[in-house]
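*Asks:* Listed here are the chains, written in short residue letters.
Number of protein chains: 2
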Amino acid sequence: MNQVNIGIIGFGTVGSGTLEILINNREIIASRVGCEMVVKKIADLDITRDRGIPVPSGLLTTDAMEIIRDPSIHIVAELMGGLTDAKAFILRAMEAGKHVVTANKALLAEHGREIYGAAEKHGVSLAFEASVGGGIPVIRSLREGLSANRIKTIMGILNGTSNYILTRMSQDELPYGRAVEEAIRLGYAEDPPTLDVDGTDAAHKLAILVSIAFGRPVPFKSIYREGIDHLTPDDIRFASEFGYCLKLLAISRNLGDRVEARVHPAMVPLDHIMANVNGVYNAIYIDGDFVGPNLYYGHGAGRKPTGSAVVSDLMHLGRQIRCGVKSIIPPLAHVQPPRREFAIQPIEELRTSYYFRFSAKDRPGVLSRISGILGDNDISIYSVIQKGREVDGSVPVVMLTHEAKESSVRKALEHMEHLDVLTDKTMTIRVEASKQ
Amino acid sequence: MNQVNIGIIGFGTVGSGTLEILINNREIIASRVGCEMVVKKIADLDITRDRGIPVPSGLLTTDAMEIIRDPSIHIVAELMGGLTDAKAFILRAMEAGKHVVTANKALLAEHGREIYGAAEKHGVSLAFEASVGGGIPVIRSLREGLSANRIKTIMGILNGTSNYILTRMSQDELPYGRAVEEAIRLGYAEDPPTLDVDGTDAAHKLAILVSIAFGRPVPFKSIYREGIDHLTPDDIRFASEFGYCLKLLAISRNLGDRVEARVHPAMVPLDHIMANVNGVYNAIYIDGDFVGPNLYYGHGAGRKPTGSAVVSDLMHLGRQIRCGVKSIIPPLAHVQPPRREFAIQPIEELRTSYYFRFSAKDRPGVLSRISGILGDNDISIYSVIQKGREVDGSVPVVMLTHEAKESSVRKALEHMEHLDVLTDKTMTIRVEASKQ
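Going down the list, the protein sequences come from chains L and Z.
Mapping to my numbering: the first sequence position 355 is 355, numbers consecutive.
Mapping to my numbering: the second sequence position 103 is 1103, numbers consecutive.
No lab work stands behind these hints, which were simulated from the structure alone.
Ideal placement from N, C-alpha and C gives every residue a C-beta, glycine not left out.
It cannot be assumed that every hint is accurate.
Using C-beta positions, here's what the derived DEER-type ranges look like [as the list claims (entries may be wrong)]:
1. Gly123/L with Gln1171/Z: 53 to 59 Å
2. Glu173/L with Lys1425/Z: 45 to 51 Å
3. Pro1192/Z with Glu181/L: 38 to 44 Å
4. Glu1349/Z with Gly243/L: 41 to 47 Å
5. Tyr1382/Z with Thr423/L: 50 to 56 Å
6. Glu390/L with Gly1187/Z: 51 to 57 Å
7. Arg1178/Z with Leu270/L: 54 to 60 Å
8. His418/L with Gly1052/Z: 56 to 62 Å
9. Tyr1382/Z with Glu390/L: 44 to 50 Å
10. Leu270/L with Gly1012/Z: 36 to 42 Å
11. Val384/L with Tyr1382/Z: 50 to 56 Å
12. Gly1187/Z with Glu190/L: 48 to 54 Å
13. Glu1190/Z with Gly279/L: 36 to 42 Å
Construct all of the structure, not just a fragment, from the sequences and the given hints.
*Replies:* What follows is the structure in C-alpha cells.
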C-alpha cells in the first residue's frame, strides 16, 4: 500500500479546511502515515465557487455517488452536514466497505445508533473527532488515552458562540442582545444564532461524548436543555460577588444505572480551571476513577481546527489501512457494546446547589417569607446578598442554596408566584463544580 | 486471540498502580480491548513488601529475565526506573519480539535514540504515555490527535513538585525554603527534591515531547536548565504587579533548521490559561499550524494517574495484538524519521522579554545609569516599578524589557557588576507567552 485514497462529500467550510491541510502539510502527513494521503474526488452541489484553495482539475463532481461507487477510494469524509442525505451517503459508503470520517454532530447525536451499528455490521471504521470540540482531540482521549478509567464526570464548554457571548457580557457588562449582535458582526455567530444559544448544539456534542465515555448511546431527546438568552449582566455581577462566573455547561455524570445529561447555564467557581476558558474557546473537563480530573482546551470551531480533526482521523485510518487492518477501535470503543440506550435521569431528580435572584418589593419581612417557603421545601440557604438599592420599584435578593432537589426548587418557585412581595419572575441558575 | 499477557518489571509506585487498575477495572478493560488483559508475572527485587493490593500467588519473581524468556508474554511494562538495568531489560524484551510500555522519562530522554531504533529494528511497538504528564494523554495527542499539524510551540508545566512550591510561594507569600519543607512533609517532594526543582525532570519530559512533536530526537544535554530555588516572594509580588505569575516552564519552538528547548522559571500573563494551573497539576500547551493553541491538563504524577497512562498503553497494544498487528505507529510517529538529532539553539541566541530586579542604593541617577547600560546593549525598557522603600540598605528597581537577545542581556548584566550603585546580584526572569 503506497497510497490511501480519500473522497470528500461536502466542500464547505470544513471540507475546504480539510483539503487545505492535506495539500499544505502533504509531506509531513505522508511521513507520519507511511504513505501518501490522496484526495481522489470532492462532491458538492456547488462546484464553481472559489474556496481560495487550488483544486486540481477533475477532482470536483456534483454526484456524491461517484465517490461511493469508486472502488479505489478507501475513506469517505462526510463533511456536508444535515441529516437525511448525509446519513444515506454514510450508510451507502459503509455498505461499499469504505471507512467513514464525519464531522456531523447532529447526525451522530440523533441517529448514532444506526450509524454505529452499520459500521460494526460492515466491519469498517467510523471516526468523528471533528464532531466535538473542533481541533481538540477529546474523542481520541476518551476512546484511547483514558480507556483504563471508569469515567465519572464530563463537563464541557462545547459551544464557542455562547461562550463568546457570555465572555463579552462578563468582561464589559454588555447586555445579552448587544453581545449577540457583536458575535454576529464578527462572524462568531449565525444570524439568528438559535441552535448555539439555546443549548441544542452543545447537547448534540454532549450526546456523543457520553456515548463514548459510557460505551452506549443515550436518547438525545431526553437531554435537558436550557439556553443563555435570559441571563443578565446583573446575574453575572452577583455570581462574581459569590466567587463564581457563568458558563453554558454540558454536564454528564455516571449514576450507575442511568446517567445525568444536561445543558444549561451554570455557575462555576472562579478558581476552577474552566473559569478561565473564555471567548470562542471550548474545553472539556473529564474526571476518571484513576486518572482524576483532566482538561482539554482549544478552538472549538472554524475551518482550520475542524479540518485538523478531520485530517487526524483520515491519518489514523490511513495508518490502519497501510497495516492491512479494517478496524481496531469500534465506534463506541467497546468491542461488544450493550445495545440498550443508557437512560437519562429526569432533570426533576437532579440534586445540586442553586442561585436565586428574587425581585422583591422593598418591605420588611420579604426575606423571611422567601426563606419560609424554601424551608418548607427542604431547601436551605447557604449565603444571601440583599441589595438595598431599589431598581424599577424592586430590590434584588440574591442567594445561594445548599444542595437541593430540582423538583423541590420548582415547587418552591411555584408557591412563590403567589407572593405579593415579589414583582417579577425569579432567576434560577444551577451551581456546578465544587471550589478547588 | 482471547487473552493478552503482560509482564511487569518493577513493582513500586507505578507498578502497583498499574496492577490495581488492571484488577479493579478488569471488566471494562476487557470490553474495550476485546479480550482479557492478564498480568502473568511481576518482577521486583523486593517481593515481600505489602503493596496494599491482593497479588495472585505465583505472580511475583525476583528475576526479570523470567518475564523476558516467557514466550507467552506479549507486552513487557518496564516500570522500575533508572538507566542501565532498565535499558538492558527493554532491549532484551524487544529482541525477544515483545512490545514494550515504559514510564521511564530519564531513559527515553537520555538514551531514546537507541531504544526507538531497537523498536523499529525488531518491528515491535514502544509506548510511553506515562513518561510525561502522568495520566494526561499528551503523547497520544501529539502522535495522533494533532498529527495533521506542524507543531510550532510546546510550553509545559511538567513538574508538579515545583509547581506546588511556586503556587504556595504565590498564594501565601511563603519563602522558597518553607514551601519546600511543606511539599516534603505532604509527600509532594522527595528530600531533597533536587531533580524536581533544578529543572532536570522537566527537561527529561521536554526532550520526549520535542522528539515526538518534531519527529526526531534532540540532544538532551543541550537543553538549557535553570531551577526555581533562587526565586523570592518579592519577585512573585512584582510579577503580579506587572500582570504576570511565575511558573517553571519547559519551552520548545520549531525554528525550522533547529529548535528552542529550555527549562527555566518564566513569567506568564495572568489571563493566560497556563496561569490557572496550580498545585501539583501539570499542563501542556501546544500550538499547531492548523489546530491553533491547545491545552492538556491533569495530575502530573502519582500512582493512580501514572497507572492510568500505563494501562491505556497496554490496552492500545492489546487492541493491536487482538487485530494481529505488530506496530501501527512508530515510536516517533514518523515511519522513516530522520536519523540526525534536531540541533538545539544555544540559549545565548534566544530573543524574549526580560524581568529585572536590581538592588540599588537609594541615590539619584541610579535608573539613568542602569538604563544607559541597557541601551548600550540594545535592550529597551517597557515598564519600570521603582519602590521608594529601602530594604536592607537598598531599594528594588524592577522592570520589564521589550524583546532582547539573551547574549546582550548577559553582557549588560556583566557591565553592571561594576556599578557601585548596585548592592546585590540582579534577578533576571524571562517573560513568556504574549498576553491573550
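*Asks:* Okay, Gly123/L versus Gln1171/Z on CB: inside 53 to 59 Å?
*Replies:* holds (55 Å)
*Asks:* Between His418/L and Gly1052/Z, does the C-beta distance stay in 56 to 62 Å?
*Replies:* holds (59 Å)
*Asks:* Lying within 50 to 56 Å: is that true of the beta-carbon distance Tyr1382/Z to Thr423/L?
*Replies:* At roughly 52 Å between Cβ atoms, Thr423/L and Tyr1382/Z fall inside 50 to 56 Å, so the hint holds.
*Asks:* Just to be sure I understand the hint, the distance between the Cβ atoms of Glu390/L and Gly1187/Z should be within 51 to 57 Å; is that true here?
*Replies:* Holds: the Cβ-Cβ distance is about 55 Å, inside 51 to 57 Å.
*Asks:* Using the beta carbons of Glu1190/Z and Gly279/L, state whether their distance is inside 36 to 42 Å or not.
*Replies:* Since the Cβ atoms of Glu1190/Z and Gly279/L sit about 40 Å apart, the hinted range of 36 to 42 Å holds.
*Asks:* Range hint 50 to 56 Å: satisfied by the CB atoms of Val384/L and Tyr1382/Z?
*Replies:* violated (45 Å)
*Asks:* Using the beta carbons of Tyr1382/Z and Glu390/L, state whether their distance is inside 44 to 50 Å or not.
*Replies:* Given a distance of about 47 Å, which is inside 44 to 50 Å, the answer is holds.
*Asks:* Okay, Pro1192/Z versus Glu181/L on CB: inside 38 to 44 Å?
*Replies:* Hint violated: Cβ distance 59 Å, outside 38 to 44 Å.
*Asks:* Check the following: the C-beta atoms of Glu1349/Z and Gly243/L are separated by a distance inside 41 to 47 Å.
*Replies:* holds (45 Å)
*Asks:* Starting from the hint 48 to 54 Å, judge whether the C-beta atoms of Gly1187/Z and Glu190/L obey it.
*Replies:* With a Cβ separation near 52 Å, Gly1187/Z and Glu190/L satisfy 48 to 54 Å, so the hint holds.
*Asks:* Taking the beta carbons of Leu270/L and Gly1012/Z, is their distance inside 36 to 42 Å?
*Replies:* holds (38 Å)
*Asks:* Glu173/L and Lys1425/Z, beta-carbon distance inside 45 to 51 Å?
*Replies:* About 46 Å separates the Cβ atoms of Glu173/L and Lys1425/Z, which means 45 to 51 Å holds.
Violation of the numbered hints given earlier is confined to hints 3, 7, 11; the remaining hints are satisfied by the structure.
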